[in-house]
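Using the sequences provided together with the hints, build the complete structure.
In case you want the letters, here they are:
Protein chains: 2
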Amino acid sequence: MKIVVAKTAGFCFGVKRAVNIAFEVARKKHKGVYTLGPIIHNPQVVERLRQRGIVPIEDIKEKGDIEALIIRTHGIPYSILGKISSMGYEIIDATCPFVKKAQYYAKLLSEEGYQVLILGERKHPEVRGLMSYVSGKVLIINEKYPYPKLKGRVGIVVQTTQPIESLKRFLSYAIEHAKEVKVYNTICNSTALRLKETEEMAKNVDVMVVVGGKNSANTTQLATLCRSLSVSTYHIETSSEIKDKWFKGAKTVGITAGASTPEWIIKDVKERIKDIGG
Amino acid sequence: MKIVVAKTAGFCFGVKRAVNIAFEVARKKHKGVYTLGPIIHNPQVVERLRQRGIVPIEDIKEKGDIEALIIRTHGIPYSILGKISSMGYEIIDATCPFVKKAQYYAKLLSEEGYQVLILGERKHPEVRGLMSYVSGKVLIINEKYPYPKLKGRVGIVVQTTQPIESLKRFLSYAIEHAKEVKVYNTICNSTALRLKETEEMAKNVDVMVVVGGKNSANTTQLATLCRSLSVSTYHIETSSEIKDKWFKGAKTVGITAGASTPEWIIKDVKERIKDIGG
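As they're listed, the protein sequences go chains C and U.
All the letters of the first sequence, read from the start, carry residue numbers 1 to 278 under our numbering.
All the letters of the second sequence, read from the start, carry residue numbers 1 to 278 under our numbering.
Derived from the structure by calculation, the hints contain no laboratory data.
One or more of the hints may lead you astray.
Identical copies go unnamed one by one, so any copy, or any two together, can satisfy a pair.
[As the list claims (entries may be wrong)] List of simulated lysine to any residue pairs, SDA-like, C-alpha gap at most 25 Å:
id : residue 1 : residue 2
1  : Lys196    : Tyr173
2  : Lys214    : Trp264
3  : Lys151    : Lys168
4  : Lys149    : Ala192
5  : Lys151    : Arg122
6  : Lys168    : Gln51
7  : Lys149    : Gly82
8  : Lys123    : Tyr89
9  : Lys168    : Ile140
10 : Lys100    : Glu176
11 : Lys248    : Glu199
12 : Lys144    : Glu176
13 : Lys100    : Val138
14 : Lys196    : Gly32
15 : Lys214    : Ser190
16 : Lys137    : Asp244
17 : Lys243    : Ser135
18 : Lys29     : Asp268
19 : Lys2      : Lys107
20 : Lys107    : Ser85
21 : Lys179    : Ser190
22 : Lys214    : Ser240
23 : Lys101    : Glu111
24 : Lys179    : Gln115
25 : Lys101    : Glu176
What follows is the structure, encoded as structure tokens:
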């Protein structure tokens with residue numbers, strides 16, 4: 001059985017940076033360090049950090065001994081940033097620089113008087129963060145729901161992990177209904193490359209294994225893409241979920257992984273499949 | 001034989017306005033009135049105006065007795081407008097208000113530092129006019145040629161008579177290559193509606209007759225659209241070009257006409273086809 005691992009699988013620039021920051025903090029401080037929400041969408045990495053004393057909390061009210069607060073890769077709402085800034089903790093900002101850019105553009109479009117639209121997942125922390133930079137009404141665009149009515153001047157920013165095809169489809173709609181459209185393509189390049197490589201791979205293998213957090217938007221998207229190409233697809237977080245029967249009769253297996261999946265998990269998955277292949 | 005005439009066939013708002021202005025001028029002045037280029041792209045209308053003393057010229061040097069100059073619907077380059085403004089003629093601006101808007105947006109995008117792109121036909125007078133409002137390099141986008149390389153911030157305006165599908169296709173390309181895209185949909189609504197009605201009609205008739213100037217971009221586009229739908233299509237300027245054999249065996253005939261085709265010519269074409277149908 002031939003096993004191919006995508007070159008683009010695993011940590012992107014922003015995740016690598018955030019995880020490095022967190023482990024660095026763990027080396028220096030041993031008490032009162034928290035992340036507001038999971039630092040990245042990978043439970044295994046979050047667990048390793050917890051073992052080193054860096055604990056995720058959902059609300060600053062949860063703990064009374066906060067000394068330092070790490071901001072997650074996806075960013076946090078503007079109002080919360082303001083609130084915690086005034087509380088005297090050390091703030092360590094691990095927001096992905098590409099997400100920061102998208103936040104800046106959302107604010108700019110809002111200030112320029114555009115009806116701001118965000119293409120992404122309403123409940124995703126990155127989108128919640130982006131929304132908070134817009135004053136006034138903001139519309140979230142997602143292909144799972146009908147597009148909203150548009151007119152006048154619309155400004156668009158995009159969740160960094162959205163597929164470019166979704167943006168193209170929405171733009172085709174927007175330009176027919178609004179007179180002016182200003183759009184920042186804030187999709188990060190590594191997402192686009194990963195989707196592209198995964199698509200190519202999925203067309204040429206018998207089984208695709210997609211590795212990454214079940215709560216990771218970009219990993220889930222990789223799995224959805226593979227399934228749409230009719231290849232047997234399995235989305236797992238770790239090698240322990242793998243079942244031998246998945247690979248019965250398979251000649252080639254492709255492995256890809258989301259932006260928040262660490263190298264050690266990908267290697268482990270590869271080894272486990274290799275063992276099955278015999 | 002059933003004959004259907006498109007509701008959207010013929011004069012659009014801008015053409016109607018320009019032709020009215022010209023006939024009004026003809027009623028008052030009888031000497032020294034010229035249009036810079038044909039006022040609209042319909043030779044028969046231009047001829048009628050010529051009979052009333054309104055003569056098209058290509059260059060102000062052509063005539064020494066200019067008293068009043070009418071600006072054509074498509075507009076003229078900014079530099080020429082500046083030049084003639086200082087020469088003491090009466091200037092009568094019959095530029096289509098939608099074209100004027102597109103000129104304004106081209107200028108605005110240029111001032112805002114965008115790489116300005118114009119989607120349209122390089123040699124069309126409207127596009128030549130639009131180009132002149134951009135300082136610095138301007139790129140003309142046309143599907144007949146490969147799209148240019150893009151990066152950074154691009155600003156787009158569109159020749160008012162382009163099909164929306166061309167804009168959508170180009171936007172899909174642009175958003176993948178430029179980080180920021182600002183686009184004004186300057187396609188005039190009547191063009192969009194005319195193309196839509198013509199498409200529907202062409203799918204339901206045996207023969208399509210498209211009436212309008214051979215030099216009219218929007219009329220030519222109607223004919224191209226019909227041909228792409230594999231219906232027998234004839235682009236004519238007047239009824240004199242009609243041949244009986246076109247309608248042999250035809251049960252239904254559709255007639256559509258460009259934005260610069262006058263009502264009298266459309267009626268005449270309809271009567272001529274009716275005569276053939278018996």
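Right, here's what the structure says about each hint:
1. Lys196 / Tyr173: Cα proximity of Lys196 and Tyr173: in one copy and across copies (24 Å, 16 Å).
2. Lys214 / Trp264: within (17 Å within a copy, 68 Å between copies)
3. Lys151 / Lys168: Classified as both: same-chain Cα gap 18 Å, cross-chain 17 Å, threshold 25 Å.
4. Lys149 / Ala192: Between. Shortest inter-copy distance 19 Å satisfies the 25 Å Cα cut-off; intra-copy 28 Å does not.
5. Lys151 / Arg122: The answer is within: 22 Å in one copy meets 25 Å, while 30 Å across copies does not.
6. Lys168 / Gln51: neither (43 Å within a copy, 51 Å between copies)
7. Lys149 / Gly82: Answer is neither: 33 Å inside a copy and 42 Å across each miss the 25 Å cutoff.
8. Lys123 / Tyr89: neither (27 Å within a copy, 64 Å between copies)
9. Lys168 / Ile140: both (16 Å within a copy, 21 Å between copies)
10. Lys100 / Glu176: between (30 Å within a copy, 20 Å between copies)
11. Lys248 / Glu199: Answer is within: at 22 Å inside a copy they meet the 25 Å cutoff, but 52 Å across does not.
12. Lys144 / Glu176: The answer is both: 20 Å in one copy and 22 Å across copies each meet 25 Å.
13. Lys100 / Val138: Answer is within; shortest intra-copy Cα gap is 18 Å, inter-copy 32 Å.
14. Lys196 / Gly32: neither (41 Å within a copy, 65 Å between copies)
15. Lys214 / Ser190: within (20 Å within a copy, 49 Å between copies)
16. Lys137 / Asp244: Neither way: Lys137 and Asp244 sit 51 Å apart in one copy and 61 Å across, limit 25 Å.
17. Lys243 / Ser135: Classified as neither; 49 Å inside a copy, 64 Å across copies.
18. Lys29 / Asp268: Classified as neither: same-chain Cα gap 30 Å, cross-chain 89 Å, threshold 25 Å.
19. Lys2 / Lys107: Cα proximity of Lys2 and Lys107: none, with 48 Å in one copy and 58 Å across.
20. Lys107 / Ser85: within (19 Å within a copy, 43 Å between copies)
21. Lys179 / Ser190: between (32 Å within a copy, 15 Å between copies)
22. Lys214 / Ser240: Within one copy, since 14 Å is at most 25 Å while 71 Å is not.
23. Lys101 / Glu111: Intra 15 Å, inter 24 Å, cutoff 25 Å: intra and inter.
24. Lys179 / Gln115: So Lys179 and Gln115 pass the 25 Å test inside a copy (12 Å) and across (19 Å) alike.
25. Lys101 / Glu176: between (27 Å within a copy, 17 Å between copies)
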